Each structure stands twice: as structure tokens, then as C-alpha cells.
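Chemist: This is what each chain is made of:
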Amino acid sequence: MGRYVIRRLLQMIPVFIGSTFLIFFMVYALGDPVAALFGDKAPDPATVQRIRRDLYLDQPLWKQYLHYMGQIFQGNFGTAFNGQPVTELMASAFPITLRLTLVAIVIEMIVGIVLGVFSGLRRGRSVDTSVLVFTLVVVSIPTFVSGYLLQFLFGVQWNWVKPSVSSEAPLDELLLPGVALALVSLAYVTRLTRTSIAENARADYVRTAIAKGLPRHRVITRHLLRNSLIPVVTFIGTDIGALMGGAIVTERIFNIHGVGFQLYQGILRQNSPTVVGFVTILVLIFLVANLLVDLLYAVLDPRIRYA
Amino acid sequence: MPESYVPKEAITHGDGGTAALAIGEAESLERPPGAGPPSAPPTGKPRGLWSDAWHDLRRNPVFVISGLVIIFLAIIAIWPQLIATGNPYRADLAKAQAGAEPGHPFGFDTQGRDVYTRVVYGARASITVGTCATAGAALLGSLLGALAGFYGGWGDNLLSRTADIFFGIPVILGGLVFLSVITSSTVWPVVGFIVLLGWPQVARIARGSVVTAKQNDYVQAARALGAGNRRMLLRHIAPNAIAPVIVVATIALGTYIALEATLSYLGAGLKPPTVSWGIDISAASTYIRNAPHMLLWPAGALSITVLAFIMLGDAVRDALDPKLR
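From first to last, the protein sequence lines are chains A and B. For the first sequence, the residue numbers in full-length UniProt numbering are 1 to 307. For the second sequence, the residue numbers in full-length UniProt numbering are 1 to 325.
Everything labelled a hint here was simulated from the structure, so no lab data went into it. Some hints could be false.
Covered stretches of chain A, as calculated for chain B (at least 3 residues, CB under 8 Å) [unchecked claim]:
no., region
1, 86-100
2, 112-121
3, 171-182
Cβ-to-Cβ under 7 Å is the rule here; a few derived chain B residues that face chain A [what the hints assert, rightly or not]:
no., residue
4, I127
5, I165
6, L173
7, S180
8, V306
9, I310
Quick caveat, the model's predicted, so the values are computed rather than measured. Where is the CB? At the ideal position from N, CA and C, for every residue including glycine.
Just chain A, with the same shape it has in the complex:
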């Protein structure tokens, strides 16, 4: 197990370097952060020279990247162009997005797995068909459309919840944005659970469990569900990154000042330190989540042993 973890951690390094360098390249080589500082005004060449030197931008790109990464591992993410340290922005933004992502994951797990189990156990019946139609429709409505629809219906028409989220973003206000964020993944979770439940329901161990007289709910929760959840856990692990990235849309709709909001502002204003810093953290979260998922396999399926 320990050796496996170390091997996986080593494998993560090139992926981490590659992804962050790609983003670094897009931000610093394709855009011109110094020109963006001056907006529409034509900058004074001497000032540009000085800023370039101060920001380490007169070096070749790979040197800039190494310097930047070196700084990051000392906890210095640089300052946004308004003078605020990027770490400060992160400290205010990440807790909010983390809460939003957690709300979304809880929703997609509970609703998705319950729907999946119900339709998987009743394959071909009307419950199953309607669940399938529901998932198809949900998958094909992009998040920014379903977000506005939910906001319009629940926030404006029926007035059940506040249409936008206040700056502290308490959990109850994040419920509706969480649903909007979770919807597409929820449909995938439902379909995955359904497929895997339906497949495992015919397995020998389920027949054995029934034959030895276990009550139905125990067979389903202890035997069937535990084995059927493995693909679902994989999906949710890879989904964490997608959800945090997708939060950019949800946060814009519901006016949540989280990671997506900061990133969107950063990209619009070509605020390079903000963008690269936030994306680096997101890539890290994604990689760690994937590693945790692989380790969770062994917990869910004792047949899997890591040497």
C-alpha cells in the first residue's frame, strides 16, 4: 500500500508540471500581462521595462515558470495587480467554493444513488424509463441554462429562496446553486449506479445472500450497493475537479464570490498571478482527489490489493 501511494505520487509530478506549465504558457506567453496593467493607455516604455524586470518577465518562459513554482512552494503566490496578495484572495474564495462543491457532491450522491438503485432494481418498468428520460433531459441542458431556470423558478417566480447568494455564502443559500452545479453529474451518477446495480443484481453472491435468508434491505445495502458503488466512486472523484471548474458558471449566475468568481475576474482583467495561482491549486486538488479514489477502491472492494 505504502509503495503504491509513493509510486502514484511520483506519477503525479509530471502531470502536475505539464498541466501547470500549459496554463502558465497560455497566460504569460499568449497574453501580455503588462500591457493589461495599463488598460487602454499607451504605456511608457521605460516603465514597462522596469515592471517586466520586477515581475521576472524579462526572462525566458521556462525560467519564469521555475521561478514561479519555486515561489509557490514557499507559499508565495505573488500579488494580484491591485496589490492584494493572491493568498488573501484564495483564503476568502476557496472556503466558499469548497462549501458549494460539497453541497453539490452530497446532492448528486444521495439523489443519484437513490434514483440509480430504484431504477436499477426495476429495470424496464415505468420507474426506470422515467428516470432514464429524466437523466437524458438533465444531461442535455447546459449548467448555465439550468442555473438560470432554477433561479428564475425558485428565486423569482415562486420566491422560495433568495435568487442570489450573500457574501458570506451560508449553507442554506448555497442549496439552489448546489443543485444547479450538481445536475449534470447527478444524471451521470444515476446512470452509472443503475447500470452497475442491474449488472450486480444477477451476481452469484447476491443469490447466495438471498438464499441464506437475509432480509432484502440488507442484501441491497450491504452486498449489492457496496459492490456497485465502485464505478460511482471513481466518477465522483474525477468529478470534484470538474465541479470546482464548473463553479465558474454557477458562481456567476448566483453571484457567489468564490474561486470561479475570482478566476473570472482575473481572466477578464488578465490578472496573471491570480489565474495561474488558482488554477495550480485546482489542478492539485484534482490530482489528489484521483489518488484518494484509487485508494478508496481497496476499501470498497477487498479483492483489490495494492502491492
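Knowing the structure of chain A, use the given hints to seat chain B on it.
Modeler: Below, chain B alone, put in the same frame as chain A:
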């Protein structure tokens, strides 16, 4: 007649009766015998994978409906004038945000432009981006994936690690960063970006499928008979490995259209002179309280388009490989 065709025939015919939305499953495998009457006896010549799949598809209502919707969308993407006689850019500020009226069934947007005309003209951008990006990602991905799967070795490792890197980048974020520095107002930067992030998905599928096909006996037989690498890959492996790629490409087409709309909504995809559903939804979103119709019509058109492609992909998957999920 090969033995394996008999049960396959019986299964596929049993599926004909019920309009089940079979998603990724061989529904009929579960159905008790006699639930769906076999519509034709399994006689006649044995069919290959492709004609068998086509035979299934023609009888699948999901395929027929989504196919018709897609043909319709393709026609109005090429000739929008057929069903919308107006000009999508003509603005009448006196009518700004007005509701439906005779001749203007969907009402007007903030600039007083006819929403119906804009919805019809918006199909072109979505369909163009969707098909071009899918074609690009499928070609690049299957070529690289097939070569990696066939030759293996360091190239294979390199490809897998590169794909990992692209998977590590959140799609929407990457799109915003990449496209925000590009000022071109054509569809090509968006297409290019989607191809850039989309090919690894196809490459993975193609690689896996080539690795599986490579181990088949007939491939070994071809090698024993002295076939070269080129011939083996093109004549023996590719035709048997391409089905999963087609399936993943069809479903990806729907998601690429949604991605283009999302990027346009965020202001990083297509730029205003182009008529795009994403741009119109973005512009309408500010006024959702007063004039929801400006948002709902393009949003509905977008969702139906994505739905049609995803349903088509599901149907094709069921037909080509009932076991593949």
C-alpha cells in the same frame, strides 16, 4: 451461418416493439421471453457488425427521432432563410423586450431584434463548431491513439502521460484562459481549443480498442501470412476497432455544442457579430425577471440540439456494442 448470430438476431428483434429509451444497455437481454414479439424470424443472410447495427437503428424510435431532428438542424444551419425570412441583425428599439406578436412568435430581444430569427440563425454556429470540433478531435485522437496502441513502447507512454496532462486541466477554465487572449471573431479558435482538449478522450478509447483488437486471432493470422504493419492496422485492426470511437464521437458532439455555448456565455467563445445561442442567452440573462422569453427560446433550442446528439449517440452505442457503457 455462424452460431453467434442467432441469439443476437433474437435479441435485436425483441427490442423492436417497446419504445424504451435504452441508455447504454441491452435492455432486451433482461426482458422475459414473449414480452416483445420477435418481429421477424432470424432467417436470411448473416449480417456484419455494420449492417446489423443499421438494421437495429432503423427500428429504434430514439434513433429515428433524434436523426430527424439533426437533419432538420443541419438544413436550417445551411439555409436558415428557409424558415426565417427576417434579418437576424435588424433591430427595432421601439419593440425592445416586447413579447410575442403576429409574425414574431418568440418576441423581441433587448435590441428589438426578432428572437425567432436569431434562434434559427444561431443553429449555424453551434452545428459548425460541433461537427468541426468532433471531426478534428476524432481524427487526431483516433490516429494518435491507434498508433500508440499498435506500436506500444515509449510513444504509447508519452501519449498516455500527455493525455493525463490534458485531463488535469479544467475544461471551462482552460477555455477561458486560452480564448480570452484571442480576438478573432470566427469559429476557428473555439474549434481549435475544443480539438486540443477533446482529442485525449478519443485517443484513450481508440488506444484501448486497438490494443484489444490487436490480440485477436485473425490479426495474428494476418501477421503469420506476412502482412506488414500498415496493412494490419488499416485492413484488419481499424475496421474492428473503430466502433467505440464513433460512439464516443457522437456523444461528444452534443457535449461540444454545450461547451461552445457555455464559453460563448462566459464571453470567451464566439464573439457578437456571430449569431450564437450562447451569446444571446448571456445577453438575455440580465433581464430574466422582466423578459424571460429572451432567454427561454435560445436555451430551449440549445437543449434540444444537445439532447438530439446525445440520444443519437446512445442509440448508436446500443446498436454497435450492447456491452459498451
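Chemist: Next step is simple, just say for each hint if it's right about the structure.
Modeler: Consistency of the hints with the structure:
1. 86-100: violated (count 0)
2. 112-121: That given contact is violated, which follows from only 0 residues of the region 112-121 of chain A lying within Cβ reach (below 8 Å) of chain B.
3. 171-182: Our answer is that it is violated, as 0 residues pass the Cβ test (under 8 Å) against chain B, missing three.
4. I127: Check failed: Cβ of I127(B) comes no nearer than 15 Å to chain A, outside 7 Å.
5. I165: Result: holds, 3 Å to nearest chain A Cβ.
6. L173: This hint holds: L173(B) lies near chain A, its Cβ roughly 5 Å from the closest one there, short of 7 Å.
7. S180: Nearest chain A Cβ about 5 Å off; hint holds.
8. V306: holds (4 Å)
9. I310: holds (5 Å)
In summary, the numbered hints that this structure violates are 1, 2, 3, 4.
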